[in-house]
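Engineer: Chains as they are written, first to last, in the numbering used here: chain A, 19 to 345; chain B, 19 to 345; chain C, 2 to 323; chain D, 2 to 323.
Incorrect hints may appear among the rest.
Stated by the list, open to error - Partial list, computed: chain A residues near chain C (C-beta under 7 Å):
(1) 145
(2) 147
(3) 318
(4) 320
These aren't lab readings, by the way, just hints derived from the structure by calculation.
Yeah, the Cβ is synthetic: ideal placement off N, Cα and C, and Gly gets one too.
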Amino acid sequence: MPQELTYREALNQAMREEMRRDPRVFLIGEEVGYYQGAFKVSKGFVEEFGPQRVLDTPITEAGFTGLAIGAAMAGLRPIVELMTFNFGILALDQIVNNAAKIRYMSGGQLSVPMVIRGPGSAAHQLAAQHSQSLEAWFCHVPGLKVIAPATPHDAKGLLKSAIRDPNPVIFIEAQLLYGTKGQVGDGEFTIPIGQAAVKRSGRDVTIVAYSKMLLVALEAAEALSKDGLQAEVIDPRTLKPLDLTTIVESVKKTGRLVIVEEGWRFCGLGAQIADSVYAAALEYLDAPIIRVTGEDVPMPYSRPLEDAAIPDKARVIAAVRRVTYRT
Amino acid sequence: MPQELTYREALNQAMREEMRRDPRVFLIGEEVGYYQGAFKVSKGFVEEFGPQRVLDTPITEAGFTGLAIGAAMAGLRPIVELMTFNFGILALDQIVNNAAKIRYMSGGQLSVPMVIRGPGSAAHQLAAQHSQSLEAWFCHVPGLKVIAPATPHDAKGLLKSAIRDPNPVIFIEAQLLYGTKGQVGDGEFTIPIGQAAVKRSGRDVTIVAYSKMLLVALEAAEALSKDGLQAEVIDPRTLKPLDLTTIVESVKKTGRLVIVEEGWRFCGLGAQIADSVYAAALEYLDAPIIRVTGEDVPMPYSRPLEDAAIPDKARVIAAVRRVTYRT
Amino acid sequence: MDRADLLSLYRQMFLIRRFEEKSAEMYALAKIAGFLHLYIGEEAVAVGAIAAIRPDDYVISAYRDHGHCLARGSDPGKVMAELFGKATGLCKGKGGSMHLVDAERRFMGGYAIVGGHIPLATGLAFAAKYQQHDQVVLCFFGEGAVPSGHAHEAFNLAALWKLPVIFICENNRYGMGTPVERAIALYSNVAETARSYGIMAERVDGMDVLAVRALTQKAVEQVHSGQGPFFIEAMTYRFMGHSMADPAHGHYRTKEEVEEYRKRDPLLLLRQTIVTNRLGTEADLKAIEREVNDVVDAAVRFAEESPFPEPHELYTDVMVEE
Amino acid sequence: MDRADLLSLYRQMFLIRRFEEKSAEMYALAKIAGFLHLYIGEEAVAVGAIAAIRPDDYVISAYRDHGHCLARGSDPGKVMAELFGKATGLCKGKGGSMHLVDAERRFMGGYAIVGGHIPLATGLAFAAKYQQHDQVVLCFFGEGAVPSGHAHEAFNLAALWKLPVIFICENNRYGMGTPVERAIALYSNVAETARSYGIMAERVDGMDVLAVRALTQKAVEQVHSGQGPFFIEAMTYRFMGHSMADPAHGHYRTKEEVEEYRKRDPLLLLRQTIVTNRLGTEADLKAIEREVNDVVDAAVRFAEESPFPEPHELYTDVMVEE
Ligand SMILES: Cc1ncc(C[n+]2csc(CCOP(=O)(O)OP(=O)(O)O)c2C)c(N)n1
Ligand SMILES: Cc1ncc(C[n+]2csc(CCOP(=O)(O)OP(=O)(O)O)c2C)c(N)n1
Ligand SMILES: [Mg+2]
Ligand SMILES: [Mg+2]
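Next up, chain A with everything else stripped away, as it sits in the complex (with noise of 0.2 Å):
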């Protein structure tokens, strides 16, 4: 029978797990051993696990990711965890022009198993330098799968799914769901990437919206529900390779689309999302699709500042509204 697990602990188990079933995958990061974690995400890793697999870094996210990367190289199956995606810009030239590429200019000899993975956007009023929402960089990059659960069921099984990956994967997940609490299936299972899932179901207009934001607009959905809105909610789960198919076949029943994000609006993933879906479903759209997204400034400390900044259920049901001419 299913468990009741908070993000963090189906974090947990799907890392448990695969190192169970895998001697190759080893963790490494900054607290990842016996501080538990940052967040405790990997608690009693070390324990369990010793510190050769649960490796503590110092702060060097360009070194110990590139040492991630060269040890995939040679067969091993790294986790890397960023204390947050923040510190993955000092890692990034790894990331991008070597996990993501050396496949390629090898010509196929070499490839880079590995999850990169840790908490993305912004959690409370952590500032400019803590606060952002990196995705849409990851997912310009060819070479690279883009993750971001929203409940611990998806993150459970797609984080086994990445472990297991042939390739580089970009696991991203939030602060603030750590501590969400949901149902996960129990024993053995993994979720294929790339493949998108109808967390609600509705005729009236379609919602996309992923990680911290599908909370959001669930609520949003729930609300409008009550005066007789029905809006389809669909996760993509995995934003790279991103599932259209799904997509576009609930905006051709609804003919609306609203898109919810938590990033910088401009060239957010959202833009790709519309580009393809009016791309697809153009003779379908009966409105020009909305996007809700975070907006266009360094992240304010001051509270009430960091909450007009990203988006929110008002926000969302008011774009549902102006998308379904019900304002």
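Given chain A, put chains B, C and D with the ligands in place with the hints provided.
Structural biologist: What follows is chains B, C and D with the ligands alone, placed relative to chain A:
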């Protein structure tokens, strides 16, 4: 009377004039001094301005870009030359977390007036790590302006504006443009940041293209006009802030849009331009917008493969025919 | 030793201590949120070093920056208001605890990417040299930043170009939960890192404010003489957790260890110096503490009573508008 | 000294020399494009170091990688075909001169981001240690990579975790047009950089293939003994320009300087050793050279006659497809 200059000479003039005008302006980067610039853009600079204002650096992009940001915070006007933007990935944390955010985080107390310039995009057969178009990444970040001129005249006028701008400006050139020639208004002139230019007017279709791709688009437009298809070709020149008005006006007239960009398709700048145009002019569009982009693969070395990876005249012509249903 | 001088150093250190104890209370009351990193235990480093420089010199630090900002003379009310996220804060509430800036006092900011501000410091020093001013730059960072690449790139540039920057490594033995032995290969001699760039480097007791000031004075002279950067490894200790999210003594260090270090509390040490040298009485010190308590209470009141930023402030200060 | 041994070292060095002279010709004929960085003058470093390791050890280098790849035993035909961008190239024509890879021979690649492969080398060493294999990793890079941040982060990790990696700094005095004095603060003693991480480091005459091999053997032993990484600073010189775009003696060095160094041409030095020690005659060496010339001509023919990749190859090898 206007002079015919190469793109390289135009950049050289722009920097030279600004360095003569303002002693706070200095040039820093790899080989910019005694070597005259890896691509000879700063020819004669160390001789004229001396090694105090023309600084050759070690191969430490994060270090010298960060140094330039600090110098800008203290009131200087640095021009950072990245030998190519591929290496800028190593300075991205400095650019994104410091240059772009310091004004905001300080509540307006500090500012970072600087230009970060160098060639982006592919040259000939430089392979995966040296052939990337990363403008979409920079465009995604609030606090940065992004410019990518295609002609010597625009290069000179916009670089002068960038150097005078009190904000951090990303200025993207192209190795394959350095040798191209064009008329450049002589004497003192600048071109305002944020203004697109209609490079060719026409009524049948709008083509938006920037940097190298503008030349490809113009060739295609020329060829198309021979069989009676008049394309209006628009160069945004400044990618952020984007002059959407000029693009939308044209689209309202032609009803059709083709966007040409050299970079990777998924989450490329073209997706944002398409999204913005759909949102602003959906009812004016007689066909879905077509994007002509680089292929979503790391750049191969082999010539025929590289040629196939980058948009060319034929592909632009084909796209225009499709968008105008003249196939 | 001069009475007024030592008492003023004590006042500065006690101000930081008191200010941060209050901040912790305010954090518990949810008046302050986000990350709050306390400097308690390390006050002698900021106060000693900053006491050795001029008002027109530059100071820059990491996210554990309250101490440096207050030692630089920023208004405690504006600092507290910033922690509260209020419009009257140093940065209008946009920066918060990790990003205090007081440009007027040449406090060029706190930065939250470990090591990321070290190249900036080098750039401030470059600007001083370029403009032929004789300013110096004090750049504070934790030992955890020492292995980071941007730090090394900056060290090399500073040494290569003989820039007037003083690197002050606050070696408090831990980077979050990681002891220096597990972070830096040559942990026993962090200053050696600087020497490998030909940078003159010395270690100092970071609990002794007078020793820190003396070494910084020496460093300033060397820098003014044009010999280039100086590296100070200040041996200190953090009495509280890494941040409010971290207990004072996590698994990574024992209660006993913390107690041991508390015996060398920098305020205690200075107190003793003052009293044993008859430069001040317990009463003098108590008087200072009372005065500082009032200052801090007033700071909290000011922060409390200040308004939050107007909604439109979300969109200002992104760019310089001309 | 053993005749067969020295002659085979000579053959390897001559093969690299001849192969690259041919590549330059082919570049002039536009059979090869992009960046072509010649190793001519530095052959003794790759040949000497690689002669000291086992087939199952790892080798990784920067973009000036023809020498390391050929010294590792890769088929000159496949290497030349790669430079031609042909389907029969080591990497199917996708990598080119800067990204040669021969996984079978544990040549893990040439990389074009200066210093960017040094963390990878550290990871290969990590894998060897993790799997309890006793392999070592040879990581070649230019002195220009030494100040780079990722190099330092890798040095620290390698030292901290005692990883079996041998860092071989090919100090050819220039990074493009920048002399080492203007790039590295402590240019006079680059090895000091490694020592500041507690890494054992030594300098060697990079023109003397036997000296390079001897030091590398010593390094391998130390690494096998579990004492962790070793750093070799090989003093060498590039006889040609930085790349085909750069003249042999640009503004940054004189014709005379190049001539001076050419007197210590590593092939010349080994020739002398062989002849003066009566281990081989001029005739023996000529015979080797004739044989190698044929090999290189055959390599060019193979490259010439090979087809370009099929168009669909553009889309393969982006991901491992299951
Ligand atoms: C590049 C980067 N990686 C990781 C972090 C998360 N982090 C914040 S503080 C810290 C420890 C820093 O230790 P140290 O430099 O010694 O400073 P201290 O906290 O001891 O004052 C870490 C790992 C960060 N802020 N930046
Ligand atoms: C990060 C980065 N910055 C700049 C460049 C451009 N570049 C290519 S080679 C080179 C010089 C490298 O010199 P060195 O490391 O000494 O190697 P050598 O060419 O002398 O063998 C530079 C600056 C690059 N490839 N990567
Ligand atoms: Mg510390
Ligand atoms: Mg060199």
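Engineer: Which hint numbers doesn't this structure obey?
Structural biologist: none
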